[in-house]
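Novice: First to last, the sequence lines map onto chains A and B. Read in order, the letters of the first sequence are residues 1 to 302 in the numbering used here. Read in order, the letters of the second sequence are residues 1001 to 1274 in the numbering used here.
Quick caveat, the hints were computed from the structure, so don't treat them as lab data. Cβ coordinates follow ideal geometry from the N, Cα and C atoms, glycine included. Take these hints with a grain of salt, some might be off.
Taking beta-carbon pairs under 10 Å as the criterion, some of the chain A residues facing chain B (in silico) [as the list claims (entries may be wrong)]:
1. Gly56
2. Pro60
3. Gln99
4. Asp128
Computed spacing ranges between beta-carbons, pair by pair [to be verified]:
5. A:Pro166 x B:Arg1085: 23 to 33 Å
6. B:Arg1085 x A:Val212: 47 to 57 Å
7. B:Met1001 x A:Asp128: 22 to 32 Å
8. A:Ser74 x B:Gly1135: 57 to 67 Å
9. A:Ala75 x B:Val1126: 39 to 49 Å
10. A:Ala115 x B:Ala1111: 44 to 54 Å
To be clear about the criterion: a stretch of chain B counts as covered by chain A if any three or more of its residues have a C-beta under 8 Å from a C-beta of chain A, and this derived list gives those stretches [claimed, not checked]:
11. 1092 to 1100
12. 1117 to 1123
Letter by letter, the chains look like this.
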Amino acid sequence: MTADGQVALALEGLSKRYRRDEVLSDISLCVAPGERVALLGHNGAGKSTLIKLVLGLTRPSAGRIDVAGHAPGSAAARAATAYLPEQVAFHRALSGREQLSTFARLAGEPVRRVAPLLERVGLSDAADRRIGTYSKGMRQRLGLAQALLGRRRVALLDEPTSGLDPISRHDLYAVIDEMAANGTALLIASHALTELEARTDRIAILRKGKLVADDSLTNLARAAALPTRIRLLAREGAAQAVQAELGGTCVNGRSVELECTTEQKMAQLARISRLGEAVRDVDMAPPSLEDLYRHYCGEGRT
Amino acid sequence: MIARILAIAWAELRIQTRNRWLASATALMLLFALALTFAGSAPTGTLGVDLLTVAVASMTTLAVYLAPFLALMIAFDAIAGEAERGTLGLVLTYPLSRAEMILGKFCAHLAVLAIAIVIGLGAAGVAAALAGGAGAESLIALARLIATSILLGACFLALGYGASALSGTSAGAAGLAVGLWLVLVVLYDLGLLGALVMDDGGTFTRDIFPWLLALNPADAFRLWNVAGAPQVALVSGMAGAGAALPVWAPPLSLIAWPVVALAAARVAFGRVEP
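Given only the sequences and the hints, what does the whole structure look like? Please build it.
Specialist: Quick look at the structure:
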């Protein structure tokens, strides 16, 4: 919860069981207006179930959901919620303009808002073509356009980057930032930490139905204390000597790999430079988003 | 509420015209109605009625089979198809109730069906009247036939939505729709016929059988058309069963069926989790 106590989306002690399988257990999560939260987890970690619960498409076994002050699935909650499904699908026989006009009517928005929206997502030229002729990226853009209809207070985006080329992805960031600036609370589900999720305000990680992390990227990285990897290219024949001096592991006879914490990094570099001629090149890799995601999703820890 | 129903109906009507359902349903109806009208024109002289009366009798028999069939073909994909293609989940996140969605589709589908029936049966009727004459009574019979065919179609549209909601897949819904058609339009009558033969004129034949007829929408449709026009009854030979029933029974059945079936479809749809 933010300082002024404003919450657009609140989950409290949320659990969902399908027969005996517990898909989600005791999830508590809040998203404030204008906040962007990335929801990460493997396939089957419970992200889609969580989204369906918030949309009111299925009912929780226990716990409480509050969508902009309303019960999930109520008319008011649905009017306040934008949703972009992972495999966004439309009627093939309709044109983009017709499909978006239908959504506008359902949302109670004037139909004249449709043309500027199509322009906004770069579909003006294809607006009157049938959706059956659209590429996956174009369908995704149309999906984004419908999520921009109306003044939504909560937006749920399920894998919004899937199938997008780098330029479209860049446009997507812009749209997401614009929605956040307008005060929409965004929950972005993904199955890996990518640059998009890194640009969010907070990261929530689901693992086997439990929330294992809920913090900013910087704090998560600090808490995980993942090592920086250093890779040295040794002069011919000198690899053994370098390894003897610094430790680490010898790779294909010429390279040595070391790991060190962020605090040890400078000291380690000083030791390397003292070796002089024996080292020809140095590569440093700070913990990547991928490493961080792996760490919290349980790979490499039991 | 009306705006959202109309939004769904508007989109659905476009889809139906784009995938040529409107054109093919109309063509099918027209083709069969014209063929039956002129193939069945032989008994005119012997029975002493005009050609339109005979045509209405033949077309009543045709519409009993064709109107339910067309309705089920249009309706079976309505919910299962959307669930399968993945379009249902997104639509239902809008402030649109499931009842509104069914009603919107119903309006569009009923419009398609009504256009096909009015053009098909109407054109055949006009052709028969021009070729063999028509009286005021036979014109009313034609109007009644068209109106009741649309009602019969409405009933099977609603049944089709129920089948669509109950079976999760499009293929399953198609199978269920064919089964519904077979049972209600063909097998039900055969069963009753068998029971009549077994009963051999007992209480079943006199007291129960007419009500069982009226309970089935397809038979109620037949009875209504026959009861309204003695001459049509003469040609179709169905006067006996209808005489034992009160006049209001077949119309009540045919009007109640779509309402009850729509309500049942809404309940079945409520169990669908997209």
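Novice: It remains to establish, for every hint, whether it holds in the given structure.
Specialist: Going down the list of hints, with the structure as the test:
1. Of the supplied interface hints, the one on Gly56 (chain A) holds, with its beta-carbon coming within about 8 Å of a beta-carbon of chain B, less than 10 Å.
2. For Pro60 (chain A), the shortest C-beta to C-beta distance to chain B is roughly 13 Å, which exceeds 10 Å, and the interface hint is violated.
3. Annotation: interface hint on Gln99 (chain A) holds; nearest CB of chain B at approximately 7 Å, less than 10 Å.
4. Interface hint at Asp128 (chain A): violated, since its Cβ lies 13 Å from the closest Cβ of chain B, which is beyond the 10 Å cut-off.
5. Distance hint check: the CB atoms of Pro166 (chain A) and Arg1085 (chain B) are about 29 Å apart, consistent with the given range 23 to 33 Å.
6. At roughly 35 Å, the beta-carbon separation of Arg1085 (chain B) and Val212 (chain A) lies outside the given 47 to 57 Å, and the hint is violated.
7. At roughly 30 Å, the beta-carbon separation of Met1001 (chain B) and Asp128 (chain A) lies within the given 22 to 32 Å, and the hint holds.
8. Checked against the given bound of 57 to 67 Å, the beta carbons of Ser74 (chain A) and Gly1135 (chain B), roughly 59 Å apart, stay inside it.
9. About 48 Å separates the C-beta atoms of Ala75 (chain A) and Val1126 (chain B), a value consistent with the hinted range of 39 to 49 Å.
10. As the Cβ distance of Ala115 (chain A) to Ala1111 (chain B) is approximately 28 Å, the hint placing it in 44 to 54 Å is violated.
11. Closer than 8 Å: that is the beta-carbon criterion, and the segment 1092 to 1100 of chain B has 6 residues meeting it against chain A, so the requirement of 3 holds.
12. For a cut-off of 8 Å, the count of residues in the segment 1117 to 1123 of chain B with a CB near a CB of chain A stands at 0, and the three-residue condition is violated.
Consistency with the previously given hints fails for numbers 2, 4, 6, 10, 12, ordered from lowest to highest.
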